[in-house]
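**Q** Sequence lines, in order, name chains Z and E.
The opening position of the first sequence corresponds to residue 1 in the working numbering, with each subsequent residue numbered one higher.
The opening position of the second sequence corresponds to residue 1 in the working numbering, with each subsequent residue numbered one higher.
Think of the hints as simulated: they come from the structure by calculation, not from any bench.
Incorrect hints may have been included.
Identical copies look the same in the list; a pair holds intra-copy or inter-copy alike.
[Claimed, not checked] Heads up, simulated PhoX-like pairs for lysine-lysine below, C-alpha to C-alpha not over 25 Å straight-line:
1. Lys-154 with Lys-293
2. Lys-188 with Lys-291
3. Lys-188 with Lys-154
4. Lys-242 with Lys-154
5. Lys-154 with Lys-291
6. Lys-242 with Lys-145
7. Lys-79 with Lys-48
8. Lys-145 with Lys-291
9. Lys-209 with Lys-178
10. Lys-188 with Lys-145
11. Lys-112 with Lys-242
12. Lys-5 with Lys-398
There are 2 protein chains.
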Amino acid sequence: MNTEKKTWLDIPESSDFSIHNLPFGIFSTIEGGYRAGVAIGDYIMDLKVLAEYGHFNDLSIDTAVFSQSVLNDFIRLGKPVSRQVRQRLQQLMTQEDSPLRQDQAKALVLQKEATMHMPLAVGDYTDFYSSLEHATNVGSMFRGKENALMPNWKHLPVAYHGRASSIVVSGTPIHRPKGQSMPAGAEKPVMGPSKALDFELEMAFVIGKDSQLGSSITVEEAEEYIFGLVLFNDWSARDIQKWEYVPLGPFLGKNFGSSISPWIVTLEALEPYRMAGPVQQPEPLSYLQNKGKHNFDVALEVSLQPAKGEAQVIARSNFKNMYWNICQQLAHHTVNGCNVRVGDLMASGTLSGKAQDSYGSMLELTWNGERPLHLADGQERAFIHDHDTVSMRGYADKEGRRVGFGEVRTKILPAL
Amino acid sequence: MNTEKKTWLDIPESSDFSIHNLPFGIFSTIEGGYRAGVAIGDYIMDLKVLAEYGHFNDLSIDTAVFSQSVLNDFIRLGKPVSRQVRQRLQQLMTQEDSPLRQDQAKALVLQKEATMHMPLAVGDYTDFYSSLEHATNVGSMFRGKENALMPNWKHLPVAYHGRASSIVVSGTPIHRPKGQSMPAGAEKPVMGPSKALDFELEMAFVIGKDSQLGSSITVEEAEEYIFGLVLFNDWSARDIQKWEYVPLGPFLGKNFGSSISPWIVTLEALEPYRMAGPVQQPEPLSYLQNKGKHNFDVALEVSLQPAKGEAQVIARSNFKNMYWNICQQLAHHTVNGCNVRVGDLMASGTLSGKAQDSYGSMLELTWNGERPLHLADGQERAFIHDHDTVSMRGYADKEGRRVGFGEVRTKILPAL
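So here's chain Z without its partners, still in its complex pose (with noise of 0.2 Å):
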């Protein structure tokens, strides 16, 4: 139940967009051009509109922000600033007698008549390896359960620095990449589509905060660097991955496509889902130890849809399962000096649970294969194929106060 805060909007008990929650994304619909807004139940609130209308008239802001392609600028006037207009936006849908009840057909448009747009310019997107499930079943699989985690990872927040051009918003198609494989027993590289093509079910941090080139962001400043979350899916190709990884890490097996959901829940959003992460052991070093809960408790499900067939649910999971939390990441990141930007993506790696049908990614649901799926409608999936379509979802959910994310979904078209 709802106890504090009521709207005098219809939102549906399920929907991810509570009068708690209030993230922010870049939408347009048939009339109008790129413009920030907010999503409340079925709706969007058109910040664009709204400072129009003047109900930011007091908040000194340079509303011009709101009618940029991306949210950067808005981000970057700083926490102080969103939580005003999340303040705002809170009293505009609760007080009987708002205003913007009013002006309701303007300033609120239906989500299913809108289009959502990347959110951000993304300056650098960096994805960590932080799950200790998901690092101990990719290690197990190519170099045995003696050896399944390397001698750092328990000492520091494994990463490595992906592609920024290839992020695309929920809802774009990205084509099955091709590139070169080394097949099991053959003599010579093959190029051709990828026949290993997965998903990575993570979440990415936004960086709300520029830092400065050479000094660093400690874990107990983290957070004020820290804007919001989105769902990520970091799709792999691990037969092109498996070949070319060595010894520089990830790179066409990773960067024709990532893909993100559209609405950046912020932090303060997320405030009553904080718990404490796992113990960790060994002791990091100094500058990797924080008190207080940095992890959140989001539950996040993959399906997965073939061409003509119904979506199925094919893993549960939660975000609080990192073993590195994002203080820990941040602070990792920048401890050697380099600069964060306003907009950069600092991704979770693969969020996997102990348990098998929590993994996330085939690599594991599978075992790289060798345990295939069975879909309701009978087929088969060892990875993914043409035209199926795989979303994932997440929310926090703490005594009925529903904080969502909405969903990351893409579909596969076949290589160009």
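Using the hints, position chain E against chain Z.
**A** For chain E alone, coordinates are given in the frame of chain Z:
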């Protein structure tokens, strides 16, 4: 001898910036803001002023691109436009009755009175690993001579994604990075300033045309997408890198900073210096086979200047040493559908030659510190010290026709 074109300006014969070069950059002066310029001898042609004087009026260019703080929008106009601009500048600098001779005082700025800036907004930065000699040296050190090259190396141009945010222009000091490393024989990692700070002598090409996600650029088309080249110093902390890089590649060992030269030398200016690359055996897969000359004869050198000492050359190499050429690199990068954007940088990887004094990193020059360099003043160097300045220079020269890159110079400051 410069037999083709004579300019009325006095250009020293040893200048990198002959009438044949005309590289593009971004500069400012005490009086004026950021703007585009072209280097000529000891001067910069101020493109903003030349546009104001009407010298590009008949070329139907939106000359607002010359008043911006980066060259991306100018480059995006396409090669026909940048070629026209270079031709116009050559006319203006060679005609005896050039109107520019009158406007000289305003249109020509002494380089020593200007500050150079990052010429590009870099969307993504990729680092290749395309020198056979470098890969063999590094592989020998870490895995022994027999296993020096990984099985994939001669089949594809190995690469990884780097960090765009920390790329800085020549002259910007970089702080020694701090980070985790695992000392030999230790049981636990330690944290502190890197003890193995290194440079990497590289060149990087600049993407001049966007490609579409899902589509590929062929080896034949590749040069249409390449605007020009810069010198690139891929700073590396070997101790940090060694501990972190398994299994996902270099991260904090690299992303604390990379330095580029300020002038982008166009592919057109490098035309006379083309040459064939090394024979590639085994024959690459067909998408990597290209005919014609796609390597470039660019002499490179690295010098090291201690805090109170003289600069001295410590390595001489050549861009022609690349095994995989820039067309192969770009075709490989996009074969999976990865898109590129104007301003992206693609670095070559360390450009080592066969001779010991042609190695492009301290790691190789001192063989991982085993054979320290002896500097003229008696000091030794295994790796780079605080307050050392590393400079890289590069130029092509054929029958007295010289096209140079200027330099990328970086001073290392102590860790913060």
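**Q** Next step is simple, just say for each hint if it's right about the structure.
**A** Hint by hint, here is what the structure shows:
When the C-alpha separation of Lys-154 and Lys-293 is checked against a cutoff of 25 Å, the pair qualifies only within one copy, where the shortest distance is 19 Å, while the shortest distance between copies is 48 Å. Within a single copy, Lys-188 and Lys-291 get their C-alpha atoms only as close as 52 Å, which misses the 25 Å cut-off; across copies the closest is 22 Å, which meets it. Taking the closest pair of Cα atoms, Lys-188 and Lys-154 come within 25 Å of each other only across two copies (11 Å); inside a single copy the shortest separation is 37 Å, beyond that limit. Taking the closest pair of Cα atoms, Lys-242 and Lys-154 come within 25 Å of each other both inside a single copy (23 Å) and across two copies (16 Å).
Taking identical chains as interchangeable, the C-alpha atoms of Lys-154 and Lys-291 lie at most 25 Å apart only when both belong to the same chain, with a minimum of 18 Å there against 49 Å between chains. Proximity of Lys-242 to Lys-145 under the C-alpha cut-off of 25 Å is found in both arrangements, the shortest distances being 18 Å within a copy and 23 Å between copies. In this assembly of identical chains, the alpha carbons of Lys-79 and Lys-48 lie at most 25 Å apart only when taken from the same copy (19 Å versus 38 Å across copies). In this assembly of identical chains, Lys-145 and Lys-291 lie within 25 Å of each other by CA distance neither inside one copy nor across copies; the values are 32 Å within and 47 Å between.
For the identical chains of this complex, Lys-209 and Lys-178 are inter-copy neighbours only, at 22 Å across copies versus 37 Å inside a copy, given an alpha-carbon limit of 25 Å. Taking identical chains as interchangeable, the C-alpha atoms of Lys-188 and Lys-145 lie at most 25 Å apart only when they sit on different chains, with a minimum of 22 Å there against 29 Å within one chain. Neither within a single protomer nor between protomers do Lys-112 and Lys-242 lie at most 25 Å apart by alpha-carbon distance, with minima of 40 Å and 50 Å respectively. Only within a single protomer do Lys-5 and Lys-398 lie at most 25 Å apart by alpha-carbon distance; the minimum there is 15 Å, versus 76 Å between protomers.
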